[in-house]
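Undergrad: Protein chains in written order, with the numbering used here: chain A, 1 to 505; chain S, 1001 to 1114.
Everything labelled a hint here was simulated from the structure, so no lab data went into it.
Backbone N, C-alpha and C fix where the C-beta goes; we use that ideal spot for every residue, glycine too.
Any given hint could turn out to be false.
To give a feel for the contact side, a few chain S residues facing chain A, derived at Cβ under 7 angstroms [unchecked claim]:
{"id": "1", "residue": "Ala1033"}
{"id": "2", "residue": "Ala1039"}
{"id": "3", "residue": "Leu1049"}
{"id": "4", "residue": "Ser1050"}
{"id": "5", "residue": "Leu1090"}
{"id": "6", "residue": "Val1091"}
{"id": "7", "residue": "Leu1095"}
{"id": "8", "residue": "Ala1097"}
{"id": "9", "residue": "Glu1100"}
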Amino acid sequence: MIHLPLLPVLVPLVAAVLQLASHRAGIGMARAIGLAAVALTLLLAAALAWATRDGTVLAVALGDWPAPFGIPFAADGLAATMVAVTAAVALPALLAATDGTDRLGRHFHPFFQFQLAGLNGAFLTGDLFNLFVFFEVLLIASYALLAHGGGAARSRAGLHYVVLNLAGSLLFLVGLGLLYGTLGTLNIADLAERVAALPAEAVPPARAAFALLLAVFAFKAALLPLGFWLPHAYGAATAPVAALFAVLTKVGIYAILRLSTAVFPAADWTAGLLAPWLMPVALATIIAGTVGTLAARRLGVMAAHLLLLSTGMLAAAMAEGSTRMLAAMLYYLPHTTLVSAALFLLIGHIARARGEAADRIEHAPRPEGWSAIGAAWLVLAIAVTGLPPLSGFPGKVMLLSAAPATAMGAAMWVVLILSGFAGALAMARAGSVIFWERPDLPPAAPAPRPGAALALALAFVPLLVLGAAPLSAHAQAVAEQIRARQAYAAAALPVPQPPMRERRP
Amino acid sequence: MELVLATGIGGLVASGVWLLLRERAFSVVLGLAMLSYAANLFIFAGGRLSAEVPPLVLGEVAAGTMPADPLPQALVLTAIVISFGTTAFLVALALRAIGESGTDHVDGGREQER
Chain A
1 MIHLPLLPVL
11 VPLVAAVLQL
21 ASHRAGIGMA
31 RAIGLAAVAL
41 TLLLAAALAW
51 ATRDGTVLAV
61 ALGDWPAPFG
71 IPFAADGLAA
81 TMVAVTAAVA
91 LPALLAATDG
101 TDRLGRHFHP
111 FFQFQLAGLN
121 GAFLTGDLFN
131 LFVFFEVLLI
141 ASYALLAHGG
151 GAARSRAGLH
161 YVVLNLAGSL
171 LFLVGLGLLY
181 GTLGTLNIAD
191 LAERVAALPA
201 EAVPPARAAF
211 ALLLAVFAFK
221 AALLPLGFWL
231 PHAYGAATAP
241 VAALFAVLTK
251 VGIYAILRLS
261 TAVFPAADWT
271 AGLLAPWLMP
281 VALATIIAGT
291 VGTLAARRLG
301 VMAAHLLLLS
311 TGMLAAAMAE
321 GSTRMLAAML
331 YYLPHTTLVS
341 AALFLLIGHI
351 ARARGEAADR
361 IEHAPRPEGW
371 SAIGAAWLVL
381 AIAVTGLPPL
391 SGFPGKVMLL
401 SAAPATAMGA
411 AMWVVLILSG
421 FAGALAMARA
431 GSVIFWERPD
441 LPPAAPAPRP
451 GAALALALAF
461 VPLLVLGAAP
471 LSAHAQAVAE
481 QIRARQAYAA
491 AALPVPQPPM
501 RERRP
Chain S
1001 MELVLATGIG
1011 GLVASGVWLL
1021 LRERAFSVVL
1031 GLAMLSYAAN
1041 LFIFAGGRLS
1051 AEVPPLVLGE
1061 VAAGTMPADP
1071 LPQALVLTAI
1081 VISFGTTAFL
1091 VALALRAIGE
1101 SGTDHVDGGR
1111 EQER
């Protein structure tokens, strides 16, 4: 299957078009097409992970144009992992949306599929401008999904989100223009060749271009000075949308990781682009997420801050940058994404069961069958804060044991352990208010039964624990592969030196 | 020509940023539109400015002529389509926010509180 790297993009696109074409057939048809497409994408992601398990990089040149001129799609271990995580989050999120959330506005299902196509495309493309295009595809779908459900709060949060992201996209474009103007290419593997051969006088504009791109990716990943939009937007979204958005910040992390491993090591002058600021920014993001988690008065906002915290942890691991640390990060990434998504879905369920009180952390009439939901909260609280015995714990142990014996490593220890403690405290406090304390209030109507979506999302927690050994071995292999660089470069750019080319600048 | 283009892009960016920081949704939309023009011109300039060179070469190339770089033009075309679409969406969203909160202040009901 030579076209395997294209299929995770094409399947959601075709599904979205089918859903739009058949929207008169009713929502049942859209749900069936959507669930079938997401299940198929999950199978394709598994096939992709299987095909890349031994370090092969699958590459497709679109239209058979040779690499630096055409757009290559390349699936290495990192891209395959990200596609698999996206599909694994999308399935429970879409199932959860079929409980009626998808009826709150029009065209929920096509937007959901467009979002998936954009995410998978961003992970699989080997060209920076194509990455921009897929960013826009996923963003425009996310604008519509965020506003889905209506209401003044969502409109306002949506407006801020759209304006900020448009400004980010324009910076992205300026960075790309500058990069093309100085290096003459936007192919990621070709960039590595060109930065190595760049004459000294062209270095400052190229550095400025990379700095712009990194700022944009840091904004998408919601790292601290650029991350204040996230709790605001994610706290306002409906539960299935927020669950899917748990993958969205990882796109920024992925893009920084791809640039910093595939391009930057090729030349010495890229050295100061990430190293001096990424670690302090990441630690500050963790601290801001922790404070926000403690201060949140709604569960949705709390989960959004926990997501911010986990993004900070991933960025800290990336900033340290040793192969061992990258392996720890690649182990922690699927765990934190899946658990955050499950937490958003559970909060959506809690908010619906409590009716009037929604997800505010305060006393409210307790529906019958509340203890099962409370148990689910307990499990996710343990998983999301990285306490033993669940999957967050080995991830944190890997991160901490890979930390170097320097001042930065020590700072990482302190921040990670304190943030875990504060997160556990906040989750316990919210849980005890909502599930444990028994106020003198009349009992409420029975809670709706937790659906298949919640069960599926929760099933990832034991799966991640049981699969810890193979998953960490896989993370180690992927980290070594992206560190080695040659495999990706050879697949995405089969001919290193094209015969005729204009000299730049 | 370089000076004119650079000044133009700079002017567009300055006005765009100024409008973007205003509190009315309408000015913000205009600011983003100006910024997107600036970004598009900037990409276009990334392909080098040249006059009277062939955009497309069929057959033999005479020695010493360098055809215009077609890639920035393709990139700009894509960028124009995307920014046009997103701006249209932003306008629709801003109109809905006005319908729901009764003001085009970017923070919604701030106006009534004052």
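Undergrad: Can you name, in rising order, the numbers of the hints this structure does not satisfy?
TA: Going through the list in order, the structure violates hints 1, 3, 4, 6 and 7 and respects the others.
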